[in-house]
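J.: With chain A held as given, fit chain B onto it using these hints.
Chain by chain, the residues:
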Amino acid sequence: MSKLKELGNDLYSGKVSYDFVGRRKLWYSIAIAVVFLSILAPVVKGGFNFGIEFRGGSEFRIDGVSSLSQSLARDAVQSVEPGVEPLITTVGLDSVRVQTEQLDDVTSEEMRIALASAYQVDSSLVTSSFIGANWGADVTEKALIGLMVFLVLVSLFMALYFRTIKMSLAALVALLHDMVLTLGIYALSGFEITPAAVIGFLTILGYSLYDTVVIFDRIRENTLDVEFSETKTFSSQVNMAINQTIVRSVNTSIVGVLPIASILFIGAVILGTGTLRDISLALFVGVVVGTYSSVFLAGPLYAHLREGEAKFTSEKVTAKI
Amino acid sequence: MSASNNVKSARKSLTWLLVIILGLTGLIAVGSLSDENASFTPKLALDLQGGTQVILSPLLLDGQAVTSEQLDQAVSIIRQRVDASGVSESQVTTQGDRNIIVSIPGVPDENTLALIKASAKLEFRAVLVTSAGAPSSSIDGGDQAVDGGNTDGSAPDEQAPNVPNASPTDPSDLNWVSPELQAEFDALDCASSFREPGQVDDPTVPLITCDVTGTQKFILGPVEVEGANISDASNGTVQSQTGASTNTWAVNLDFDSLGSQAFADVTQRLFPLAAPRNQFAITLDGFVITAPATQAVITNGSAQITGNFDRDSSKVLADQLKYGSLPIGFEVQSQENISASLGSEQLTNGIIAAVIGMILVIAYSVFQYRGLAIVTLGSLIVFAILVYLVVAFLSWRQGFRLSLAGVTGLIVSIGITVDSFIVFFERVRDEIREGRPLETAVENGWRKGIRTILASDMVSFTAAVTLFLLTVGNVRGFAFTLGLTTLIDLIVVVLFTYPLLQLLARTRFFSSGHPWSGFDSKSLKASGYVGRGEFRVSESLASGKADKASKEAEKRQTIAERKAQAAIADAQRKSEN
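If you read the protein sequences in the order shown, they are chains A and B.
With the numbering used here, letter number 185 in the first sequence gets 214, and the count goes up by one each step, no holes.
With the numbering used here, letter number 510 in the second sequence gets 513, and the count goes up by one each step, no holes.
For reference, chain A alone in the conformation it holds in the complex (with noise of 0.2 Å):
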C-alpha cells in the first residue's frame, strides 16, 4: 500500500539505507556555506530591521476626533512616510494613539500636521513625542541570561541521560546551525524583527533540540553493545539510527509546519503583514531547518566525534586478528 511504509520497513531492516554519515564532509561543507552566508546577509544588509518595540519610536496622539477609524492614520502615515507601517491604538473615548519608527524632527511636524488635517482637528490637538522602547535592554539581557543558562542545563542533562558530552557538543552545533541560518533569512528577507518574532525564534531553539534528542536516543540505543561487536562498527550504528528514524523525522516535520504553515499563509497572503507573520515565518524556516540538521548535522557530527575513540576502533583491530 503506502510507499512510505514500505521505505520505513526496508530502512528499519537495513535493506534501504542512506549514507548520512559517510557523506558527512558534504554536509558540513555545506553547513559551513549556508552559515557563512546567513552571517554576510546581514552584513551585506546593514544589519536587521528591528522594530519599534526594540528601538522606540515617534508616538503621536490625536485628541477630540469624532472618528476613531485606524485607517485614517495608516493613510497618513504612509502619505508622509510611505511604507511605514504604523501600531494604531484608540485611547480613552475621542483619541487616537499612532507609533511609529523614530522619525526627524521635520518628518515628525509634517506627520503631525497630516494626521491633523486626516481626522479633520486642529494641530494643537496632535502632540508628538518619543517613546522608548518596551522591549528595553534589561528585557534582552534577562532573556540572553536566561539562554545561556538554559544552554548550560541542557548541555548537562543531555550529558548526563547519554553519558557522553559529545552528544551534548553535537546538538549544540546544530542549534547554532539552526539559529543562525534563522537569523540569515531574516535579515535577507527584510522581515521586521519584533518580540513576535524572538519568541518564535525561542520556540525553534526548543524545536531543534527536541528533534535531535529524539533521534540521539534511537542512536543511543543502538550504540549500545557496538564495542563488543566484531561486525558493526560505531558510525554504521548512528547511520542505522538515523535511517530508522527517517520516517519519524519526515512526519514530525510536516506535522509541525502545517500548522506553522496555515498561520502563514493567512497571515501573510490573507493579512499581508502583522503579528502572525513575523512569527510564523521564524518557525516555518525553524523547523525545516531544526529537522534537517537533526539528521544531517548532529548524527553524523556525533559519530565523527564518536568513532576515534579508543574502544571503538581498538575492538575491530583484535577482531580483524
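Where hints are given, some of them may not hold.
[Claimed, not checked] Subject to a maximum C-alpha distance of 25 Å in a straight line, what follows is the list of computed SDA-like cross-link-like pairs (lysine to any residue):
{"no.": "1", "chain 1": "A", "residue 1": "195", "chain 2": "B", "residue 2": "464"}
{"no.": "2", "chain 1": "A", "residue 1": "74", "chain 2": "A", "residue 2": "174"}
{"no.": "3", "chain 1": "A", "residue 1": "44", "chain 2": "B", "residue 2": "493"}
{"no.": "4", "chain 1": "B", "residue 1": "318", "chain 2": "A", "residue 2": "167"}
{"no.": "5", "chain 1": "A", "residue 1": "54", "chain 2": "A", "residue 2": "198"}
{"no.": "6", "chain 1": "A", "residue 1": "54", "chain 2": "A", "residue 2": "221"}
{"no.": "7", "chain 1": "B", "residue 1": "325", "chain 2": "A", "residue 2": "174"}
{"no.": "8", "chain 1": "A", "residue 1": "44", "chain 2": "B", "residue 2": "439"}
{"no.": "9", "chain 1": "B", "residue 1": "46", "chain 2": "A", "residue 2": "120"}
{"no.": "10", "chain 1": "B", "residue 1": "318", "chain 2": "B", "residue 2": "76"}
{"no.": "11", "chain 1": "B", "residue 1": "46", "chain 2": "B", "residue 2": "334"}
{"no.": "12", "chain 1": "B", "residue 1": "325", "chain 2": "A", "residue 2": "74"}
{"no.": "13", "chain 1": "B", "residue 1": "318", "chain 2": "B", "residue 2": "246"}
{"no.": "14", "chain 1": "B", "residue 1": "325", "chain 2": "A", "residue 2": "166"}
{"no.": "15", "chain 1": "B", "residue 1": "325", "chain 2": "A", "residue 2": "176"}
{"no.": "16", "chain 1": "B", "residue 1": "46", "chain 2": "A", "residue 2": "74"}
{"no.": "17", "chain 1": "A", "residue 1": "44", "chain 2": "B", "residue 2": "370"}
{"no.": "18", "chain 1": "A", "residue 1": "74", "chain 2": "A", "residue 2": "221"}
{"no.": "19", "chain 1": "B", "residue 1": "11", "chain 2": "B", "residue 2": "493"}
{"no.": "20", "chain 1": "A", "residue 1": "44", "chain 2": "B", "residue 2": "436"}
{"no.": "21", "chain 1": "A", "residue 1": "74", "chain 2": "A", "residue 2": "195"}
{"no.": "22", "chain 1": "B", "residue 1": "11", "chain 2": "B", "residue 2": "381"}
{"no.": "23", "chain 1": "B", "residue 1": "325", "chain 2": "B", "residue 2": "292"}
{"no.": "24", "chain 1": "B", "residue 1": "325", "chain 2": "A", "residue 2": "169"}
{"no.": "25", "chain 1": "B", "residue 1": "46", "chain 2": "A", "residue 2": "217"}
{"no.": "26", "chain 1": "B", "residue 1": "318", "chain 2": "B", "residue 2": "79"}
{"no.": "27", "chain 1": "A", "residue 1": "74", "chain 2": "A", "residue 2": "39"}
{"no.": "28", "chain 1": "A", "residue 1": "44", "chain 2": "A", "residue 2": "262"}
{"no.": "29", "chain 1": "B", "residue 1": "325", "chain 2": "A", "residue 2": "317"}
{"no.": "30", "chain 1": "B", "residue 1": "325", "chain 2": "B", "residue 2": "370"}
{"no.": "31", "chain 1": "A", "residue 1": "195", "chain 2": "B", "residue 2": "436"}
{"no.": "32", "chain 1": "B", "residue 1": "15", "chain 2": "B", "residue 2": "506"}
Hints were generated in silico from the structure; no laboratory data involved.
T.: Same frame as chain A, now just chain B:
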C-alpha cells in the same frame, strides 16, 4: 504484564484523565459562582483585548531633574513588579524624557496602581517619642489642626535642621529631640496632609511622621537599616506560638549580610531600653507601617512586618520590597482605556489557521497511520480540552492572559504533541516488524517510546522553567505557554494515547492487522527478507537487544555485566559455527 492487567491499567489511566478534566471543570464552575474573575473564557492580553494605559510622571522638587538612568531603572523595577503579579505580558516603556507608560490588560485596581507607582522606600528608624496623632496641646489644637503647620504656605519642614541640644551619641539618644523639633512634633496633626507625595527625607537626621492610619505620631531617630539591604521578601500569615497559622497577614523580610548586622545592632541596643524607646519604626515612603517593641535581639537577618495588611496589600508590599524601591516617586498623570493593537480579525484568523492546521495534521495522519488517526484525533481533542481548561484556570488564578504570540505558540505545540504520538506509533511498528503480536508490540513500543518522549520533553521543560524564572515580559509569557503545553502533552500521552492504544490493540480490527488499521501486519513485517549482514539485525540479536533495552530502562547494566553477556553471546556464536 498479562492482558487483563493491561486493560485494568488502561482503564485506570483513562479514569484519572477523566478525574483531571472533571476536576478542572468543577473548580472553574465553582469559582465562577463565587469569584467574578473565574470564567470558562480565558482572558486575553493587551494586544488582543486592549486594557488600560497609565501614564506616570515623576514627583520632583523644584529644579530637580530625572536622569535617563533613573528612568530606565524605574522602568525595569516597575516591569518586575508588574510581572510578579501574574503572567499578563504588560508593557512598560518611557515616554519623552520623564514619563513612564504602563499598559496593562483590564482595569487596574487600587492595589495594582499602588504596586506600580509607589517608590516603596523602606526604612528602619528607632522610636524616640510617640503620642496620639492629634496635636498635643488641647487648647489651641483646633487652630493647629486647621493650619497643620502650613501657615507659611510652603511645604512643612518636618526634618529637623536644628542643632541638637548636645551631640547625640547613638540613634536612640533623646538629645536628637531639640526644643524646635519637640514644638513641631506637638503641632503636628496626622489628619492633615503633612507630607508632600514623593518627599525625600534626609536619612541622617530625625523624622517626624505619623503611622499610615493617622492615629499615632512619632519622632524617629536617623535611618539605621534601609530597604536596599533586603535580599528577599514574601507575604504570608503569621504563625501563632503553637505553630497554627492565624488570620493576620505579614510581610517576611530577609536581610543581606550588611542589613543583618545593622538589624542585629539595632535590636541589641533597643532591647534594654524603656518604652517607647525600645520600639523601632518601619517606615514606607515616610509613613510608619508598624512600630513593634523589641522582644529579642535578632541576629539571623529575618524580620516580619505586621500592620494593617490583608492578602493583597501584603503581597503588594512584598513585591515592592523584593524588586527594590524606585529611585523617584511617581504619580498617575492619566489613566485611560486603550483598544487592542491587533484587530479582532487577527485572532479570528489565528483561530481559523489553527483549525485548518489541525485538519491538515489529521488528514496527513490518516494518510500515514490509517486507523491510528483516530487515536491522533482523540488525543488532540483531549489535548485541546486540557489546554483550554488549564488556560482558563490559570487566567483566573494566576492572571495568565493569552496574547497572539501565545495563541501561535499553542498552535505550534500541536506539532510537538503529535510528535509524541508519532514516536510511539513508529516504535510499535518497529516491534511489529520484529514479528511481535500487536498487544506485545504496544507494550514494548511504549517502554522504549516513553523514554524518548520523556527525554525530549525534558529539554522543552528545562527551557520553559529556566526562561520563566530568569526573564521578564514577553519571554516569560512564552516560557509559561511552553511549559504548560509540554506538561499537558505528557499527560495526554501517558493517560490517553497509551491506554487507548492498549484497549484498541485487543480489538479484532487492529490486532488482526487490518490493512486500514495502521498496523498492517503484511506491509509491516519484513518477512523473508535477509538483508545485508552488516545492517540487518538478526532475529536472535534483535530480541536480545529489545529485552536489554527494556531492562535498561529500569536499571543500567554495569560495563562488567555487559562484557559478560557479550562474552556468552560470543561463545554461543562460536559453538554454533
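J.: It remains to establish, for every hint, whether it holds in the given structure.
T.: Hint-by-hint comparison with the structure:
{"no.": "1", "hint": "A:195 with B:464", "in the structure": "holds (22 Å)"}
{"no.": "2", "hint": "A:74 with A:174", "in the structure": "violated (28 Å)"}
{"no.": "3", "hint": "A:44 with B:493", "in the structure": "violated (34 Å)"}
{"no.": "4", "hint": "B:318 with A:167", "in the structure": "holds (24 Å)"}
{"no.": "5", "hint": "A:54 with A:198", "in the structure": "holds (18 Å)"}
{"no.": "6", "hint": "A:54 with A:221", "in the structure": "violated (35 Å)"}
{"no.": "7", "hint": "B:325 with A:174", "in the structure": "holds (20 Å)"}
{"no.": "8", "hint": "A:44 with B:439", "in the structure": "holds (20 Å)"}
{"no.": "9", "hint": "B:46 with A:120", "in the structure": "holds (20 Å)"}
{"no.": "10", "hint": "B:318 with B:76", "in the structure": "holds (22 Å)"}
{"no.": "11", "hint": "B:46 with B:334", "in the structure": "violated (28 Å)"}
{"no.": "12", "hint": "B:325 with A:74", "in the structure": "violated (44 Å)"}
{"no.": "13", "hint": "B:318 with B:246", "in the structure": "holds (22 Å)"}
{"no.": "14", "hint": "B:325 with A:166", "in the structure": "holds (21 Å)"}
{"no.": "15", "hint": "B:325 with A:176", "in the structure": "holds (23 Å)"}
{"no.": "16", "hint": "B:46 with A:74", "in the structure": "violated (41 Å)"}
{"no.": "17", "hint": "A:44 with B:370", "in the structure": "holds (24 Å)"}
{"no.": "18", "hint": "A:74 with A:221", "in the structure": "holds (13 Å)"}
{"no.": "19", "hint": "B:11 with B:493", "in the structure": "holds (20 Å)"}
{"no.": "20", "hint": "A:44 with B:436", "in the structure": "holds (13 Å)"}
{"no.": "21", "hint": "A:74 with A:195", "in the structure": "violated (36 Å)"}
{"no.": "22", "hint": "B:11 with B:381", "in the structure": "holds (20 Å)"}
{"no.": "23", "hint": "B:325 with B:292", "in the structure": "holds (17 Å)"}
{"no.": "24", "hint": "B:325 with A:169", "in the structure": "holds (21 Å)"}
{"no.": "25", "hint": "B:46 with A:217", "in the structure": "violated (37 Å)"}
{"no.": "26", "hint": "B:318 with B:79", "in the structure": "holds (19 Å)"}
{"no.": "27", "hint": "A:74 with A:39", "in the structure": "violated (46 Å)"}
{"no.": "28", "hint": "A:44 with A:262", "in the structure": "holds (17 Å)"}
{"no.": "29", "hint": "B:325 with A:317", "in the structure": "violated (43 Å)"}
{"no.": "30", "hint": "B:325 with B:370", "in the structure": "violated (55 Å)"}
{"no.": "31", "hint": "A:195 with B:436", "in the structure": "violated (31 Å)"}
{"no.": "32", "hint": "B:15 with B:506", "in the structure": "holds (12 Å)"}
This entry does not satisfy hints 2, 3, 6, 11, 12, 16, 21, 25, 27, 29, 30 and 31, going by the numbered hints stated previously.
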